[in-house]
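As they're listed, the protein sequences go chains A and B. So that you can map any letter, position 5 of the first sequence is 5 in the numbering used here, and since no number is skipped, the others follow by simple counting. So that you can map any letter, position 420 of the second sequence is 420 in the numbering used here, and since no number is skipped, the others follow by simple counting.
Keep in mind that a hint or two might mislead.
[To be verified] No farther apart than 20 Å at their CA atoms in a straight line, the calculated lysine to any residue pairs in the SDA-like style are these:
| # | chain 1 | residue 1 | chain 2 | residue 2 |
| --- | --- | --- | --- | --- |
| 1 | A | Lys17 | B | Met54 |
| 2 | B | Lys110 | B | Thr41 |
| 3 | A | Lys17 | B | Arg44 |
| 4 | B | Lys363 | B | Asp391 |
| 5 | A | Lys17 | B | Arg153 |
| 6 | A | Lys17 | B | Ser698 |
| 7 | B | Lys671 | B | His684 |
| 8 | B | Lys671 | B | Ser698 |
| 9 | A | Lys61 | B | Met54 |
| 10 | A | Lys61 | B | Trp52 |
| 11 | A | Lys148 | A | Ala75 |
| 12 | A | Lys61 | B | Arg45 |
| 13 | A | Lys148 | B | Gly26 |
| 14 | A | Lys17 | B | Asn124 |
| 15 | A | Lys58 | B | Leu43 |
| 16 | A | Lys61 | B | Thr41 |
| 17 | A | Lys58 | B | Arg44 |
| 18 | B | Lys247 | B | Gly472 |
| 19 | B | Lys588 | B | Gln409 |
| 20 | A | Lys148 | B | Asp10 |
| 21 | B | Lys297 | B | Arg279 |
| 22 | A | Lys148 | B | Leu18 |
| 23 | A | Lys61 | B | Asp10 |
| 24 | A | Lys158 | B | Glu8 |
| 25 | A | Lys148 | B | Pro7 |
| 26 | A | Lys61 | B | Arg44 |
| 27 | A | Lys58 | B | Trp52 |
| 28 | A | Lys148 | B | Glu8 |
| 29 | A | Lys58 | B | Val560 |
| 30 | B | Lys620 | B | Leu545 |
| 31 | A | Lys58 | B | Arg45 |
| 32 | A | Lys148 | B | Asp6 |
| 33 | B | Lys569 | B | Gln197 |
| 34 | A | Lys148 | B | Arg19 |
| 35 | B | Lys671 | B | Val560 |
| 36 | A | Lys58 | B | Thr41 |
| 37 | B | Lys247 | B | Asn225 |
| 38 | A | Lys17 | B | Asp149 |
| 39 | A | Lys17 | B | Trp52 |
| 40 | B | Lys305 | B | Ala321 |
Hints listed in this document are in silico derivations from the structure and should not be mistaken for laboratory results. The structure presented is a predicted model; accordingly, all values stated were derived computationally and were not measured.
The chain contents come next:
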Amino acid sequence: MSDPSRDDERELVERAKRDPRQFGALYDRHFQQIYRFVYSRVREQTAAEDVTSEVFMKALKAMPRYQDTGRPFAAWLYQIAVNAIADRYRTLRPAQPLDDFHDLSVAGPALDDLAAHRDEVRRIWALVEALPHQQRTALVLKFQQDMKIEDIAVAMGKSAGAVKLLIHRGVTRLRDEAATLRPVE
Amino acid sequence: MSAHHDPELDDVLQDSELRRIASLLGAVKAPEAPLDDAFRTGLRRQLMQEAWTMTEGRPSWWRRAFAPPGIAWAGAAAGLLLIASVVVWLSTQQSGGTTQVYVASPIDGKNNVSLQQPILVSFNQPMDHQSTQDAVQIAPATTVTFSWDQSSRTLAVQPASGNLAPNTQYQVTVGPGARTASNQQLSAPQTITFVTQAPTPTPAPPTPRPTPANPLGEKQLAPLNGAAGLAVQWSADSSSIYFIDGKGALGVVSAKGGAVSVIAPDGTSSPSISPAGDRLAYLRGGKIEVLTFATGKTDEVAPAKAPTLVGWAKDKLVWAAMDGIYMEGDAGPSLLAALPTAGLVTVVSIAPDGSRVAYQLDKNLFVLELGTSKSVQLGQSGSSFGGWSPDGTLLLYSTADHLVVADVQGVTQSTIPLGEATWSSQDAILLGSDTDLYEVRPDGSHQTKVSNGTYHLPLWAPDGISFAYVRGTSLWVAVAPALPPEPTVVDEATAVVKSFMDARLNNKPDKASALLDDNGQKAYAAGGLNLTITGDPHFSRYYVLTQQVTGTAPDTVTFVVRLVLTHGKLDVSDYEETLTLVRDVTSKQFIVDQAAAAGRRDLGKGAEVVSVDVAKDAIKVTFDSDLDPATVNDGVLLLDAKGNQVDAKVAYATRTVTLSGLDLTAGSQFKLVVLTTVRDVLGHNVAAEYDLNLFGPSLKKHGNHRDVVTPTPAATPSASPSGSA
Chain A
1 MSDPSRDDER ELVERAKRDP RQFGALYDRH FQQIYRFVYS RVREQTAAED
51 VTSEVFMKAL KAMPRYQDTG RPFAAWLYQI AVNAIADRYR TLRPAQPLDD
101 FHDLSVAGPA LDDLAAHRDE VRRIWALVEA LPHQQRTALV LKFQQDMKIE
151 DIAVAMGKSA GAVKLLIHRG VTRLRDEAAT LRPVE
Chain B
1 MSAHHDPELD DVLQDSELRR IASLLGAVKA PEAPLDDAFR TGLRRQLMQE
51 AWTMTEGRPS WWRRAFAPPG IAWAGAAAGL LLIASVVVWL STQQSGGTTQ
101 VYVASPIDGK NNVSLQQPIL VSFNQPMDHQ STQDAVQIAP ATTVTFSWDQ
151 SSRTLAVQPA SGNLAPNTQY QVTVGPGART ASNQQLSAPQ TITFVTQAPT
201 PTPAPPTPRP TPANPLGEKQ LAPLNGAAGL AVQWSADSSS IYFIDGKGAL
251 GVVSAKGGAV SVIAPDGTSS PSISPAGDRL AYLRGGKIEV LTFATGKTDE
301 VAPAKAPTLV GWAKDKLVWA AMDGIYMEGD AGPSLLAALP TAGLVTVVSI
351 APDGSRVAYQ LDKNLFVLEL GTSKSVQLGQ SGSSFGGWSP DGTLLLYSTA
401 DHLVVADVQG VTQSTIPLGE ATWSSQDAIL LGSDTDLYEV RPDGSHQTKV
451 SNGTYHLPLW APDGISFAYV RGTSLWVAVA PALPPEPTVV DEATAVVKSF
501 MDARLNNKPD KASALLDDNG QKAYAAGGLN LTITGDPHFS RYYVLTQQVT
551 GTAPDTVTFV VRLVLTHGKL DVSDYEETLT LVRDVTSKQF IVDQAAAAGR
601 RDLGKGAEVV SVDVAKDAIK VTFDSDLDPA TVNDGVLLLD AKGNQVDAKV
651 AYATRTVTLS GLDLTAGSQF KLVVLTTVRD VLGHNVAAEY DLNLFGPSLK
701 KHGNHRDVVT PTPAATPSAS PSGSA
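Full structure from sequences and hints, please.
Here it is, written out as structure tokens:
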């Protein structure tokens, strides 16, 4: 059975390929998630706006050459975003330390010790920040953006196996560095 | 917490501690990203503009989609660039399965929509043609034709007259009667609102220039037989060249080439064509010879003192002798002005209008005004004369470093690079030399290298297109490329009106106030007009209804500006301000000198005049609505200053009433009247009589900064040179 939202997206993509002026519908659909992803990486509003502009402008220009590989269109946008952020990081460091990651909120049922859990989550994400760039990106796309391995592979321009390896190495490194983390119930 | 389980990670994270960490990572949401909605919509706009840029240059999709011949697309001019984007809001499938109908347009909310395009109305699903067309309402009243793209999702609404009206807010409403192809109705009327741009002026046809075989069409005309200088005159019609060769022979040759006709075999100098072009004066054997072309007869004037140079003041001969400047009169020659008696004096040039001469006294250069006998020095010692402007009110002299453009009082106006200069009737200066040829505006702008090569002593033809010059030992002729057109007086003044009105629109009274002179300040002082317009309805846009040159000394341009007041999205009323701009004596910039306002008029109540174009022989009055042609003839009138109706032929086409067959005297006052009997195609009468004061147009087009320089005659005539500032 075909996924109706995927069919809908394919039609939008096909239209935008034929006529770039139809790109607006794709923008409307994906702006929010791309902006949030970019913001989560650069954590500064102006920088997030700059990078997001770059992502969509590049996507628009490359639209006629876009090939549907069966992956979601968003995976391609993430790929452009990952590269744009990497370009930016070559010259800039994140503007704020991770301690400013205040808005952290927890999904899921209430915890017996919510405060402790939040603290643990904050600490572990602080450790994520210290990971090598590619491991960090893979973890963010997997755990924050809830992307499938195959889609992350597209976004990062790697094979699915390579993405799995990055996630494995990243999580292993977190375990090693967070040996003192309190176990979750 | 229940562990975050992701089957994709089962084979990646086999260790339970790794899974625990993964569950922690998955348990957190990304922080809420602060988002500026203006950024989101702004980026969308940028993207859509870029999308349009990407599609320009190939046939626009709507042209292809609506391509079948016979559909009324003729009005959309070829080469049209559609500057907006098509945005189709696609429906969101709702859980109930119903789909809402959305209407959108690439020009919705736009403020500068070009006139040559259909109004595209997009729907998010295929529409039933007839019910949708029937549900479309357009204001102001406009007769339109409809056409659909193949998907029946985009409707093109095309004014039957071809173009949209200028300076007009359009509202296109699709009423609830519109149905989709699957017979679903619009839930509510949806309106698209946009404002069109000002009418685009018809560019004046460029001056025809011959297309030369070589870049400048250079042509060798005649040998100069070793002439040291170039004593040359063009005929008034720019067709032939009079020149004196190294043996003193005066000849004439066609600018197209051919044989040289000899007028005088030897001993001639200083040829000078009369301003009317009917006579040629030259010196020979200490006398002035005057050849009248019509008769071929040569007259002789034999002054007591041998002339050294001859020229013209209108139809009278003017010449220089050792002791002074003389003019031919009915009772014989009269001395106009004496030359200094001490030192070595050489008159180097007589102005084209015969009112002044330039002379060298030892190493100093002076200009002598013949009417007052007053001399002023040009520059410092060592300056040499470089030429006159065609009307004789400005001149060129060279210093060691550059050429100075000065007025006849010696006041520097600008500087341009050194070269052998000639100043054209089109205000272009050619600068010749051994190695290259440059062209430049007198204000130093638009400096352009025309060619490499030798161009000595260039001399423009009166038409400002061809020029004669010396190369090697011969006389040559060539055609110089035109410089970009100079801004007209109206262009210059319009820029100031724009700054003034933009400042008011953006609520920057200080900036607007800086463009007012003392009179202007009084007009906008307390109790007068409002410089800042506040309140609701709010001042949302303005446009120039008409503009006219109403004076030339100093340059004066009068504008009628419409200020449009808007409530919500809709233009509800407007009023006119008549602004008179004059060129400031000191800065030479235009400044608002007078202002007056008329009363408010409600919009949306019958046809409105949105543009008035005044020429000497015709006035074009453009309306925002299609009119009932039967009501136009007696409804649009021109009255003279006494209130009498001016005879005119009245024609109506494309929302424009043309009053032709006029002969408006420059500067005379007229009143354009639109009576309430004029009706639009829906039968609405003009809400209130509309009157607009107009002036017979001045023919002058180009700015003339020197108009404001008024020479002050010296109280006591004096022949002795006085130093310049």
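Practice task
Starting from the hint list further up, note which numbers the structure goes against and sort them upward.
Solution key: 4, 6, 7, 23 and 29
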